[in-house]
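Participant: One-letter residues, chain by chain:
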Amino acid sequence: MLGYAIKEALSSIKRTKLTSLAATLTLTICLFLLGLFLMAYMNVKDIASKVRGRVQIEAFLSDQVDQKAAHALAEGIRNISAVSAVSYVDKEMALEIFRKQFGDQALRVLETNPLPASLKIELRQKDRTFSQVKKISQEIAAMPGVMDVEYGRQWLSKLDRLLSGVVATTLFLGLIVASSSMLVVATTIRLAFHARKEAVEIMTLVGATPESIARPFVLEGAIYGFLGALLGSILLLFLHGLLSRRLVELLFLPPSLLMGLLLFGALLGALGSAISLRGTGR
Amino acid sequence: MNGDQVILDVSGVSKIYDRKHCALSKVSFQVSRGEFVLLVGPCGAGKTTLIRLITREELPTEGDIRVAGQKVNSLDRRDIPRMRRKLGMVFQDGKLLTERTIFENIAFVLRVTGARKKEISKKVISALTLVGLAHKVSALPHQLSGGEQQRAAIARALVNKPLLLLADEPTGNLDPDISMEILNLFEKINRFGTAVLLATHDTNLVRGLPHRRVQLVDGRMV
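These protein sequence lines are chains A and B, in that order. Here the first sequence is numbered in our numbering, starting from 414 and rising by one per residue. Here the second sequence is numbered in our numbering, starting from 48 and rising by one per residue.
Calculated from the structure, these hints are not laboratory results. Because the structure is a prediction, the values reported are computed rather than measured. Ideal placement from N, C-alpha and C gives every residue a C-beta, glycine not left out. Check before you lean on any hint, since a few could be wrong.
Only some residues are given here: those of chain B computed to face chain A with a beta carbon under 10 Å [as the list claims (entries may be wrong)]: (1) Ser61; (2) Lys73; (3) Ser75; (4) Glu104; (5) Arg124; (6) Ile127; (7) Thr145; (8) Val159; (9) Val206.
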């Protein structure tokens with residue numbers, strides 16, 4: 414039965430070469446766009462996770478806080494569940510760091526060390542989002558002895574916005590791609606169905622089940638979807654190579670996601686076809 | 048008449064379109080196993096409508112139709128294909144698929160009903176031999192004469208070994224000599240045991256035939 418369905422699907426594609434080509438190319442563009450946004454999402458996510466690796470909170474302590482009190486404060490902060498490590502930087506170490514970064518000149522005029530001692534707080538990877546960092550910073554800022562809290566407020570929120578923007582666009586595009594692909598397949602299969610209306614009518618009268626009549630058409634839709642996804646992936650691979658050589662090294666879709674894209678294409682095709690055949694099998 | 052012997056039972060069947068046009072009115076008759084029944088009447092008498100009701104392409108407005116004891120008009124949609132496999136259909140225009148060979152035209156009936164490959168070749172050749180077309184197995188329909196095309200259509204209707212062969216004006220497009228040939232073919236098939244219900248408006252063609260007639264005029268039996 415399946416062999417028959419495959420043969421029928423292929424002969425239908427051959428019979429309607431131009432429409433089949435148009436459907437496959439439209440699906441190629443749709444699935445290429447989806448793949449492109451998946452790739453963009455992967456790359457932005459990769460950059461984001463690298464940047465997040467450097468996220469830390471710095472709590473500046475007032476001069477009244479001595480070393481013992483600072484260690485007690487550090488212990489208190491360590492108890493916050495999102496915190497993975499706390500290190501104490503005393504006034505002298507702060508001065509040393511400052512000197513290394515800006516040289517001696519800037520501090521020479523002052524007689525005393527103006528730099529405060531601080532606690533450098535690192536968070537667990539999954540808590541390095543803007544909202545979480547902000548919440549923990551506020552918690553630490555409210556602790557006695559903490560003068561001020563510093564974290565990459567500006568860029569962290571920008572990064573989060575960019576990431577959720579890419580996710581939303583990918584999802585939105587996925588929806589558009591899915592529905593337009595199904596529409597293209599549905600229209601193509603409608604045409605194929607009408608081209609074979611007489612055959613379908615005879616099949617119905619000789620006692621073919623609606624499922625066995627629909628099978629070759631659904632398969633035909635799945636073939637368009639699969640071919641579209643395959644060609645779209647090849648196009649994407651080509652673009653990836655071009656960008657990586659000319660502009661910047663980019664990540665490509667991993668094999669599992671690539672397979673997923675091919676299956677998604679085939680599924681869209683089959684679904685589009687099934688939708689267009691609803692109620693025609695009799 | 049023994050119930051088991053009745054292949055087709057049409058009982059009080061009416062078909063009214065758009066609540067006013069009456070295509071069939073209280074038609075009742077039976078066809079027994081191995082019987083040859085002629086359904087005669089002028090064009091528009093309701094012959095095609097009746098055949099469409101038997102094959103469950105349409106539903107009667109009232110009355111019941113049974114094929115081999117199974118009530119056709121109350122069948123579940125899923126059971127319609129199985130019922131249709133008990134019937135063989137021959138149409139006026141043959142309805143062969145133009146881009147397929149004669150072999151393919153007949154084989155696809157078996158394929159869609161799930162037959163095995165080995166079986167298919169054997170059955171197709173045997174059906175084509177019965178209608179005298181075994182030598183045209185790889186021809187395309189347009190390479191055949193009108194009579195030969197209708198023979199191929201009859202082979203397609205027979206290949207599933209139906210209980211009842213329904214023929215709707217099978218000689219409508221053929222000249223008298225060829226029509227007679229086709230009619231003789233139906234007689235031959237009937238002698239092999241298949242019941243036949245043949246609808247025709249051509250009273251000259253069936254004049255003198257010994258078979259029972261169901262005569263329709265304006266949707267009524269006369």
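Participant: So, for every hint listed, does it hold in this structure?
Facilitator: Status of each hint after checking the structure:
1. Ser61: 23 Å, violated
2. Lys73: Cβ of Lys73(B) sits 26 Å from chain A, so the hint is violated.
3. Ser75: 24 Å, violated
4. Glu104: At 8 Å from the nearest chain A Cβ, Glu104(B) passes the 10 Å test, so the hint holds.
5. Arg124: Where the cut-off is 10 Å and the nearest Cβ of chain A is about 7 Å from Arg124(B), the hint holds.
6. Ile127: Holds, because the Cβ-Cβ distance from Ile127(B) to chain A comes to roughly 7 Å (cut-off 10 Å).
7. Thr145: With a closest approach of 9 Å, the Thr145(B) hint holds.
8. Val159: 4 Å, holds
9. Val206: With Cβ-Cβ at 9 Å, under 10 Å, it holds.
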